[in-house]
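Engineer: Residue strings, one per chain:
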Amino acid sequence: MKGAGEPSITIEPIMRVETRRQPLPPRERLETIFHVEGLDAIYGSKTALKGVSMEIYKNLVTAIIGPSGCGKSTYVRCFNRMNDLIPSFRMNGSIRYHGQDISGSNIDPVAVRRNIGMVFQRPNPFPKSIYDNVAWGCRVLGMKDDLDVRVERALTQAALWDEVKDRLKASGLSLSGGQQQRLCIARAIAVEPDVVLMDEPASSLDPIATQAIEQLMHGLKSEYTFVIVTHNMQQAARVADMTAFFSISRGEEGERYGELIEYDATEKIFTAPSDKRTEDYVTGRFG
Amino acid sequence: MASIDTTSESARRPFEGRRVHLGDVVLQGVAGAAAAGATALVLLIAWKVVDGARPSISKFGISFVWHDVWNPVVGREAYGAASFLFGTAITSFVALLLAAPLAIGIALFLTELAPRVLRGPVTSLVETLAAIPSVVVGLWGILVLGPALRSHVEPWLHSALGWIPLFGPPSSAGASIFTAIVVLTIMILPIVSSISRELFLGVPAELKEGALALGTTRWEMVRGVVFPYARGGIAAALILGLGRAMGEAIAVTQVIGGGTTISWNLFNQGDTLASKIAAEYQGATSNLDVASLIYLGLILLVLSLGANIAAQWIVRGVARRHGVTRGGRA
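Chains as they are written, first to last, in the numbering used here: chain A, 1 to 287; chain B, 1 to 330.
Bound conformation, chain A alone:
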C-alpha cells in the first residue's frame, strides 16, 4: 500500500533510466557494424561534413550530438543513402557496413535501406490504417507469411500494441504524436532491419512520449543497432552507450563545415571529455 501523501503517478527519474545502462565491454570485444573512414558529405559546392572517421558497434545505441548545422542529420542519412534523393549531394570516403563499402555509386540504395531502417524527426505515418502502416512494408518486401503475427510483434516491440490492438483499422493519423512516432518505429522494425537510424525521433514529442521511445530503444538494442541523432544532451546521456560529438569548424577561407570532434563512451563524453570543445558543449558553455 502506498502512503497517503505519495502521488499516484510516479514518473521515473532521469537517473534511473541512465543507470540501467550496462557497463561497456572493452572495445576489442565489440563487433563493428559500420566502419566510416574519411567521410566528406558535400551539397553542390558546399561541404557539410569533412573527414569523419569512426566505428559504430553492433547492439549498442550510438548517439550523434552537436549544435544545429553541424551536419549530424546529413551524417546519419549517409548510412541509408537517404541523401541520394538530393540531386547535388555526393560523398567522398567510405562507409563499410559489415566490411562492404556502401558509399559508392554502384551500390543499390534500395538494398541498403532494406537492412538499415530509419525513423524521422517528425512522425510520418502513411495515410493508411494502423495495421497497414506496419504491414505495408512487409507486403512490399515480400514478407507476407504470418503478417498478423509480424504486425503484432512489431507493435509490441514498439510498446504500442496495448494502446492500438482494439483499433488496428483506424487511421494511423488518428493517433497522438507520440503514438504516431512509435507506429513509425514499429513500421521500421517490422521489416527486420539490422540497424535503425533515428533522426531526432523525439524532437516533436512531449517528455512522456520521449521517455516511452527511450525505453523501447533500451529494450530493443539486444536485437538492433541504433544510431540516434539528438540535439538533446540529456537524451544522449540517458540512452546512448557511445556518443559522438560533432561541431562546426571554420576552414582557411572562412567556410563552415561539420566535423567529428570526439567519439567515446557516453560516460566519458559527459564526465571527462578530452576535447575542450566537447567540454564546452556538454557543460552548456557552447558559444
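Calculated directly from the structure, the hints in this document are not laboratory data. Among the clues, some could well be false.
Incomplete in silico selection of chain B near chain A, CB under 8 Å [as the list claims (entries may be wrong)]:
id, residue
1, R116
2, E206
3, L207
4, E209
5, G210
6, A213
7, E220
8, G224
9, V225
From the three backbone atoms N, C-alpha and C, an ideal C-beta is built for every residue, glycine too.
Dock chain B against the given chain A, drawing on the hints supplied.
Structural biologist: Leaving out everything else, chain B in the frame of chain A:
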C-alpha cells in the same frame, strides 16, 4: 506638444467611436457585387436555356431524352436526343479512358522520374497544349489526324480487334467518332496531367522518404504512398476532364462527321450534344428545331453541372481527410 495632445478629445480617447473606413466599404461593395453577379449569371443562363427549350419540352416531354430520331423535315418533325447523348457518352468516356493513364503517367514523370533539368521545360510544353485554341486542334484533326487514323490506325484496329463491335469497318470519310475521341483525348490531357502533377507535388516529402527508408523501390513508393494520397484529387481531375470532353463543341464538330444513328462502331461518323448544336443552330429551320437544339443544350448543361458538382464534392472529401492529417500532427 504633450499639452496640446491631452486637450484634444480624440487623443484622450483614441479607441472610441467606430469609424467607417472608405476602402473597406468599397472593397465590400465591389467584391460582393462580383460574387452576386456570377451567381445571378448562372441562374440567368439556366433559366434562359429552359425557357428557350420550352416548346420542345412541352411537345416531347422527358421522352426526348431516349428517342433517337432527329428529323427536321417540316410535316414529319421528330426530335430526340438519344443518339447525341450516346455520342457524347462514348466520345467523352473513351477519351477519358485514353487520357487518364497518359496524363497520370506524364504527371508522375514530371514529379518523380524526369531529370530535374527536364521538368520545367516539359511541364511548360504540356501546359502549352492547353493553350492551343480548340478550332486549331480541330483543323489539325481534319487535315492530319483524321486521314492518318483513317488510313493506318483504323484498318489495323479493325483487322486485329474486329470481333469487338467498337472496331467495325472504317468508314470511307476521314471523319469518325474515333477521330473525335483522339482529339478530345489530346484536349483533356493537359488539364488532367497538370492537376495530377500538382497533387503529386503536394504529397509530403516526409511520406515519400518514410516509404523509401523501408527499402521500397520508387515504383512501390509511388503505388503505396503517392497514389493513395492523391487518389481523391485525381478522381476529381478526371471528372473535370470528363466535363471538358462532354462540353467541347467546335473541335468535335470539325472531325466527327455528323450522323444521327446510334452506332457502336467507333469508325463511323456520329454526333455529340455539343457538336450537334454547334453544327446546326445557324441553319435551324423552325422554332421547334431551335427549341430542340436548346433542349440538347439543357441536357448538356445538366450533365456538366453534375460532373462539376461531383468533382467539388470529391475535392471537399479530400480536404476533410487531409484536415485530419493536420489535426493528428498538431
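Engineer: Now look at each hint and say whether the structure bears it out.
Structural biologist: Comparing the hints with the structure gives:
1. R116: This hint holds: R116 of chain B lies near chain A, its Cβ roughly 6 Å from the closest one there, short of 8 Å.
2. E206: Since the shortest Cβ distance to chain A is 4 Å, the answer is holds.
3. L207: 6 Å, holds
4. E209: 7 Å, holds
5. G210: 4 Å, holds
6. A213: Constraint on A213 of chain B satisfied, holds at 4 Å.
7. E220: OK, holds: E220 of chain B within 8 Å of chain A, min 5 Å.
8. G224: 6 Å, holds
9. V225: At about 6 Å, which falls below the 8 Å cut-off, the nearest Cβ of chain A leaves the hint on V225 of chain B intact, so it holds.
Of the numbered hints given earlier, the model fails none.
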